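Participant: As a plain string of letters, each chain reads:
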Amino acid sequence: MRTLARLEILRVLRNRKFMFFSVLYPVLLFMILTAGQKAAMVPYYMVAMCAFGAMTAVLMGNSERIARERDKGWVRQLRLTALPGRGYVLAKVAAAATVSLPSILLVLLAGGAVKGVRMAAWQWAGVLLTSWAGSFVFAALGVAIGYVASAETARPVAMIAYFGLALLGGLWVPFDSFPGWLRDIANLLPARPYAALGQAVESGRAPHAGDVAVLVVYGLVFAATAAWMYRKDTAKA
Amino acid sequence: MTATVFTHVSKSFGQVRAVDDLSLTLHPGETVALLGPNGAGKSTTLDLLLGLRTPDSGTVEVFGTTPRRAIAEGRVGAVLQSGGLMEEVTVRELVRLACDLHPRAHPVAEVMAAAGLESVADRKVDKLSGGQEQRVRFALATAGASDLLILDEPTTGMDVSARQAFWEAMRGQVKQGRTVLFATHYLEEADAVADRVLVLQGGRLVADGTAAEIKARAGVRRIVFDLDTPPEESALRALPRVTDVEITGRTVRIRSTDADATVHAVYAAGLYPRHLEVAGLGLEQAFLAITESSEKEKEVAAR
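Protein sequence lines correspond, in order, to chains A and B. For the first sequence, position 32 (counting from the first letter as 1) is numbered 32 according to my numbering, and the numbering increases by one without interruption. For the second sequence, position 185 (counting from the first letter as 1) is numbered 185 according to my numbering, and the numbering increases by one without interruption.
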């Protein structure tokens, strides 16, 4: 099982183009979004873009790749081994996490070095950790999408999922500008609790237990769905 | 302990009955060929055996348990036509993965050698030829000491020498006591390698026996001889057990369901056949005869 995870990580690292864009995209977006902003909003966007960038990388990477692997029959071949469903999902999440970590690091680096964001050391570490750990949830969602969608539809489905979730999660517009009812909905979707973890740390508080709980539930549901679909996968002959 | 038991297994896709009330048993140590025209249900049968699909009705048992369980225990290895390979990794990396995942794995180097992959060990999987890819699949299927090997058209895409090398490797597996079930389009492979031949048609088992039995089941033997004087066709047709007579010049070709009786009657009729030859049909002709006749039976039944 460890060999599979190692191999999946290796494949991601070898795919330089994908790595390059996934890592650069969030930091570029962060620089653009904060170009005309007041200094007070910069830390908010920094955390939001850590979340958004990590989310993008793991969702897009996993869903499309998996749909293609199913299409080519690799998953079928893999199902003829003793590998349990959770082993497959774990390997895919590990591979995705390999991409999300540097993308988060780069946004933080730009925030600190270029945009002059100042936080305590524990806060930097906290934002990094919550952004990274939270991305696992979306990596699992990516695996699930890779199973629901076909090789042709995986990309658009993943795009809709991450644009929708990012928008509703207040990653592009400040969450505080949302009307009350929308905030209630957003709090129950995965992206807002995800970004809220980092934002709590950034404003000097501990992450909210409710947000952690929502994310854990989503993570488990996505991973279980993905593992179940891996075992089942009857859609593709 | 049986290797595989299908009990009244059926599987449909929409209106199409891919497998229709199939019952069969594979015994340990057998090398079994699965034949059938396209769409006969070979691939679906293998999918059911491997737990990739679940039957609509009936049960599939592999080594006394479910297919999934047997695979998890490392008792089954398989090469599927529809099985793809992981991309962006080298051959060696992929084989190492297969060995790592197998509960009763062989050493990586041994598996690579048996599949003849050493020369391409460091090549990327997506850069292989069709035949090399097929050898990688074979390596994945034989990464450990599985008791049952399932091979779906294993030599597709291989040239003649690669095919021979493949079956050489396969015989090695059989010698170690493995049970082998392979689907093939090449009837000469079934004839040369298998000690049991299953013929599927329309999702049903229409023949089950040794290659010789299948040939005999097709029933007919060919009798060929020359006569000094041009023979009379009606006299030849009147001989016992004759199903068909063909005369070219002085050469007579007879198809008979009982060659012994027919030949005896040829002499009894006072004829003096020269260069007499009696031969069975090839497996290919036997296969065609069986599938055609079962097709006809079906048509009659449908009327």
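Simulated from the structure, these hints should not be mistaken for laboratory data. Keep in mind the model is a prediction, meaning the values are calculated, not measured. Be aware that one or more of the hints could be misleading.
Claimed, not checked - Keeping only pairs whose Cα atoms sit at most 27 Å apart, straight-line, the calculated DSSO-like set for lysine-lysine is:
(1) A:Lys72 to A:Lys232
(2) B:Lys124 to A:Lys72
(3) B:Lys124 to A:Lys17
To be verified - For each label pair, taking beta carbons as the anchor points, the in silico distance ranges come out as:
(4) A:Leu28 to B:Glu73: 47 to 57 Å
(5) B:Ser161 to A:Leu28: 53 to 63 Å
(6) B:Thr66 to A:Leu10: 29 to 39 Å
(7) A:Leu220 to B:Ala212: 53 to 63 Å
(8) B:Gly58 to A:Val173: 25 to 35 Å
(9) A:Ile160 to B:Leu288: 49 to 59 Å
(10) A:Asp71 to B:Ser10: 39 to 49 Å
Where is the CB? At the ideal position from N, CA and C, for every residue including glycine.
Participant: Which earlier hints turn out false for this structure, listed by number in ascending order?
Facilitator: 8 and 10
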